[in-house]
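Chains as they are written, first to last, in this note's numbering: chain B, 15 to 349; chain F, 15 to 349.
No lab work stands behind these hints: they were computed from the structure. Be careful, since some hints might not be right.
[As the list claims (entries may be wrong)] Listed next, the stretches of chain B that the computed footprint assigns to chain F, with coverage defined by at least 3 CB atoms under 8 Å from CB atoms of chain F:
no., region
1, 196-206
2, 227-233
3, 239-248
4, 253-266
5, 274-281
6, 285-293
[What the hints assert, rightly or not] Keeping only pairs whose Cα atoms sit at most 27 Å apart, straight-line, the calculated DSS-like set for lysine-lysine is:
no., chain 1, residue 1, chain 2, residue 2
7, B, 204, F, 253
8, B, 275, F, 267
9, F, 335, F, 308
10, F, 292, B, 275
11, B, 253, F, 253
12, B, 292, F, 292
13, F, 189, F, 217
14, F, 288, B, 277
15, B, 66, B, 37
16, F, 335, B, 288
17, F, 61, F, 97
18, F, 288, B, 272
19, B, 267, F, 288
20, B, 267, B, 110
21, B, 61, B, 71
22, B, 277, B, 288
23, B, 288, F, 292
24, F, 288, B, 292
25, B, 37, B, 292
26, F, 343, B, 253
27, B, 288, F, 275
28, F, 275, B, 275
29, F, 267, B, 272
30, F, 37, F, 335
31, B, 267, F, 275
32, B, 37, B, 267
33, B, 343, B, 189
34, F, 109, F, 292
35, F, 275, B, 277
36, F, 61, B, 292
37, F, 272, B, 272
38, F, 109, B, 267
39, F, 253, B, 292
40, F, 267, B, 292
The C-beta atom is built at its ideal place from N, Cα and C for all residues, glycine as well.
The chain contents come next:
2 protein chains.
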Amino acid sequence: MSDMIRVVVDAMGGDNAPGELVKGAVQAVQGHETIHVILTGDQDAIKEELAKYSYPKDRVEIVHCSEVISTAEPPVNAIRTKKDSSLVVGLQMVKKGEADAIVSAGNSGAILVGGQAIVGRIKGIERPALAPVIPTENGCSLLIDCGANVDARASHLVQFAQMGSVYMEHVLGVKNPRVGIVNIGAEEEKGNALVKETFPLLKECPGINFIGSVEARDIPAGVCDVIVCEAFVGNVILKLYEGVGSTLIHMVKGSLMKNLKTKIGAALISSSLKETLKAFDGSQYGGAPLLGLKGLVVKTHGSSKAREVTTSIYQCESFKKQRINEMIKDYLTDK
Amino acid sequence: MSDMIRVVVDAMGGDNAPGELVKGAVQAVQGHETIHVILTGDQDAIKEELAKYSYPKDRVEIVHCSEVISTAEPPVNAIRTKKDSSLVVGLQMVKKGEADAIVSAGNSGAILVGGQAIVGRIKGIERPALAPVIPTENGCSLLIDCGANVDARASHLVQFAQMGSVYMEHVLGVKNPRVGIVNIGAEEEKGNALVKETFPLLKECPGINFIGSVEARDIPAGVCDVIVCEAFVGNVILKLYEGVGSTLIHMVKGSLMKNLKTKIGAALISSSLKETLKAFDGSQYGGAPLLGLKGLVVKTHGSSKAREVTTSIYQCESFKKQRINEMIKDYLTDK
Chain B
15 MSDMIRVVVD AMGGDNAPGE LVKGAVQAVQ GHETIHVILT GDQDAIKEEL AKYSYPKDRV
75 EIVHCSEVIS TAEPPVNAIR TKKDSSLVVG LQMVKKGEAD AIVSAGNSGA ILVGGQAIVG
135 RIKGIERPAL APVIPTENGC SLLIDCGANV DARASHLVQF AQMGSVYMEH VLGVKNPRVG
195 IVNIGAEEEK GNALVKETFP LLKECPGINF IGSVEARDIP AGVCDVIVCE AFVGNVILKL
255 YEGVGSTLIH MVKGSLMKNL KTKIGAALIS SSLKETLKAF DGSQYGGAPL LGLKGLVVKT
315 HGSSKAREVT TSIYQCESFK KQRINEMIKD YLTDK
Chain F
15 MSDMIRVVVD AMGGDNAPGE LVKGAVQAVQ GHETIHVILT GDQDAIKEEL AKYSYPKDRV
75 EIVHCSEVIS TAEPPVNAIR TKKDSSLVVG LQMVKKGEAD AIVSAGNSGA ILVGGQAIVG
135 RIKGIERPAL APVIPTENGC SLLIDCGANV DARASHLVQF AQMGSVYMEH VLGVKNPRVG
195 IVNIGAEEEK GNALVKETFP LLKECPGINF IGSVEARDIP AGVCDVIVCE AFVGNVILKL
255 YEGVGSTLIH MVKGSLMKNL KTKIGAALIS SSLKETLKAF DGSQYGGAPL LGLKGLVVKT
315 HGSSKAREVT TSIYQCESFK KQRINEMIKD YLTDK
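The whole structure should be built from the sequences, with the hints applied where relevant.
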């Protein structure tokens, strides 16, 4: 039992709940024998979905909840009042140690607020950070922080660099990950007040591989593995990444459908192009962990399909096996 | 003579100087009879380039300068010490009213510093702003500010919105331009301290068409015409735009060259695809104006070719004809 990992899947959160969430959970237990999932949400709806699959019944559990937090609800109020929601019940299980992790595709703000308020921070961590993985030309990078707490301090950014390095090395398998700070020029004297204050602290920080400033232009080429920035800038990067990508892909597809000649051409390149664009799709890396909490909270896209849910559950498994939180704590006591 | 516009072209600035700068200047005088260009820089090198073309000699002037500011030089020092550089001499001509505008593809920092220190701000303008045009799916948007002065105040952002609106409407011809502020959510209560302070000021600001918060994800789709943000965020947006675009295009091209089948397909779609990607190339809109100065300073890409130089000179023409600076001043006295 000690090798088992218990992951809550918020079956009611996200655009494709409960169908894709349940499917993703079933695929995860089918794929790895050490995974036990707990589906929180409306038991009738969950049972209906589960009935579609054959799976090891002893490793799929349902915890019935009578409430759902919707995407549009104000987060703080939702967490406070909806005690029997699939998200709050799941977070409580992580807090009590009844589960190791929770995966949710629901209300982002509520996941962030609930993660901090219910699961709680690791002692010494000043601010937890949401760290999605973004695709690059040759792989991926971790973008930390993209959470909801803006106006960060330099000491927060240093902890982001440390937590991001541990995650990138031990969950995503990147040896000695290169850490860069988002800046508007490569020189050390460039930047806003926050970056100027953080830069020397990162330079002196032991145990991380700090490579200096990173300009946004160079992020897609994969110039570093851990991209450190405060949450407002991180949000802009994450969302613009998606926006430019989807607009360009939309435009390219439009140019392929222009006339008969281009349609024939499109048929010839379609599989190669699809493969290329798939490589630039972040969802293959699973959801974004909220790092710095006592348990693991993973936020996946609201539009997540089963595959992303499964990947996110596997991510939780690596997180536990690699003892990421213990490593983060070690950083703090080293200081 | 009163309808003539006199534009300095810094012939020594940028990766393609002096060749493409001179060529762009010649094309501009050939194209519009009301344009007079003044080429600043090494007269022998400029004459050698000019000898390649036939053009109306009375509207192309050379002002010899013995120095050049290189791309890597620290800006403040360069502006202070290189009094006989092509950039400083050109800026001095704008200051003295001997020219209406200057176009430079040189050292960005030096253009920003020199513009402010030599040409000077319009009285009442707290901070000039660099406002490049970025391509969107259906046209373009003005991104203001992308300059070097970070950590802006709310009052700066309000002036950016006003100056950007005037420019977008009267130089780029967008009626009643929609103004948005870059934010991490659509709701008014979201944002960092600066955005929260600025939002109500923009709501109450007369004479602009404020549509509220804009998420970075929606910028490429063209959700607003004037995108207001402080310079650090503006820089990140501008550079990530270029980075994601060029990485994706590079990847798409790679997928087309994969094998014989895709190469045949590529040949069939190539002209349609080129046309599409051209629409997503910001350089067709000319350079970025530095708004809020007593004269007009336009910064074009360091890699500018003749076409972008010509477009930038035409942009200066509209700027003068439409009396943009008088309109900006009117905003200030209206308050």
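Hint check results:
Coverage of a stretch by a chain is defined here by at least three residues with a beta carbon nearer than 8 Å to that chain's beta carbons; for the region 196-206 of chain B and chain F the count is 4, and the condition holds. Coverage of a stretch by a chain is defined here by at least three residues with a beta carbon nearer than 8 Å to that chain's beta carbons; for the region 227-233 of chain B and chain F the count is 5, and the condition holds. Judged by the Cβ-Cβ criterion of 8 Å, the region 239-248 of chain B is covered by chain F as claimed, because 3 of its residues qualify and three suffice. With 14 residues having a Cβ less than 8 Å from any Cβ of chain F, the region 253-266 of chain B passes the three-residue criterion, so the hint holds.
Proximity of the region 274-281 of chain B to chain F, defined as three or more residues with a beta carbon under 8 Å from a beta carbon of that chain, is established by the 6 residues found. Only residues whose C-beta sits within less than 8 Å of a C-beta in chain F count toward coverage, and the region 285-293 of chain B has 6 of them, enough to reach three; the restraint holds. A hinted pair counts as satisfied when its Cα atoms are at most 27 Å apart, and residue 204 of chain B with residue 253 of chain F qualifies at roughly 15 Å. Pair hint residue 275 of chain B plus residue 267 of chain F holds up; C-alpha atoms about 18 Å apart against a cutoff of 27 Å.
Between residue 335 of chain F and residue 308 of chain F the CA atoms are separated by roughly 15 Å; this keeps the pair inside 27 Å, and the hint holds. Restraint check: the Cα-Cα separation between residue 292 of chain F and residue 275 of chain B comes to about 20 Å, which is no more than 27 Å; the hinted pair holds. Proposed proximity of residue 253 of chain B and residue 253 of chain F is supported: the alpha carbons are some 14 Å apart, at most 27 Å. Among the hinted pairs, residue 292 of chain B with residue 292 of chain F is consistent with the structure: their alpha-carbon atoms are about 24 Å apart, no more than 27 Å.
Distance hint between residue 189 of chain F and residue 217 of chain F is fulfilled; the C-alpha atoms sit about 19 Å from each other, no more than 27 Å. Between residue 288 of chain F and residue 277 of chain B the CA atoms are separated by roughly 15 Å; this keeps the pair inside 27 Å, and the hint holds. With a C-alpha separation of about 9 Å, the suggested pairing of residue 66 of chain B with residue 37 of chain B holds against the 27 Å cut-off. Between the alpha carbons of residue 335 of chain F and residue 288 of chain B the distance comes to roughly 49 Å, so the proposed pair goes past 27 Å and is violated.
A threshold of 27 Å between alpha carbons decides the hint, and for residue 61 of chain F with residue 97 of chain F the separation of about 22 Å falls inside it, so the pair holds. Pair hint residue 288 of chain F plus residue 272 of chain B holds up; C-alpha atoms about 13 Å apart against a cutoff of 27 Å. Taking the CA atoms of residue 267 of chain B and residue 288 of chain F, the gap is about 13 Å. The hint holds against a cut of 27 Å. Our distance criterion of 27 Å between C-alpha atoms is broken by residue 267 of chain B and residue 110 of chain B, whose separation comes to about 49 Å.
With a C-alpha separation of about 12 Å, the suggested pairing of residue 61 of chain B with residue 71 of chain B holds against the 27 Å cut-off. The straight-line distance between the Cα atoms of residue 277 of chain B and residue 288 of chain B is roughly 15 Å, inside the 27 Å bound, and the hint therefore holds. Between residue 288 of chain B and residue 292 of chain F the CA atoms are separated by roughly 22 Å; this keeps the pair inside 27 Å, and the hint holds. Taken as a hint, the residue 288 of chain F and residue 292 of chain B pair is honoured in the structure, with Cα atoms around 22 Å apart against an allowance of 27 Å.
Annotation: proposed proximity of residue 37 of chain B to residue 292 of chain B holds, straight-line Cα distance about 21 Å (limit 27 Å). For the proposed pair residue 343 of chain F and residue 253 of chain B, the alpha carbon gap of about 36 Å is over 27 Å, so the pair is violated. Proposed proximity of residue 288 of chain B and residue 275 of chain F is supported: the alpha carbons are some 15 Å apart, at most 27 Å. About 15 Å separates the Cα atoms of residue 275 of chain F and residue 275 of chain B, which keeps this hinted pair within 27 Å; it holds.
With a CA separation close to 18 Å, the supplied pair residue 267 of chain F and residue 272 of chain B stays within the 27 Å bound. Note on residue 37 of chain F and residue 335 of chain F: the hinted pairing holds, with a Cα-Cα distance of about 24 Å set against a maximum of 27 Å. For the hint pairing residue 267 of chain B with residue 275 of chain F, the CA-to-CA distance comes to about 18 Å; that is within 27 Å, so the pair holds. Restraint check for residue 37 of chain B and residue 267 of chain B: not satisfied, since their Cα atoms lie roughly 30 Å apart, outside the 27 Å limit.
Annotation: proposed proximity of residue 343 of chain B to residue 189 of chain B holds, straight-line Cα distance about 20 Å (limit 27 Å). For the hint linking residue 109 of chain F to residue 292 of chain F, the alpha-carbon distance of about 36 Å lies beyond 27 Å, and the restraint is violated. Between residue 275 of chain F and residue 277 of chain B the CA atoms are separated by roughly 14 Å; this keeps the pair inside 27 Å, and the hint holds. For the proposed pair residue 61 of chain F and residue 292 of chain B, the alpha carbon gap of about 52 Å is over 27 Å, so the pair is violated.
At roughly 23 Å between alpha-carbon atoms, residue 272 of chain F and residue 272 of chain B fall within 27 Å of each other, so this suggested pair holds. Between residue 109 of chain F and residue 267 of chain B, the direct Cα distance comes to roughly 49 Å. Violation of the 27 Å bound is thereby established for this hinted pair. In summary, the hint linking residue 253 of chain F to residue 292 of chain B is supported, as the alpha carbons are separated by about 23 Å, within the 27 Å threshold. With a C-alpha separation of about 15 Å, the suggested pairing of residue 267 of chain F with residue 292 of chain B holds against the 27 Å cut-off.
Checked against the numbered hints listed earlier, the structure breaks hints 16, 20, 26, 32, 34, 36, 38; every other hint is satisfied.
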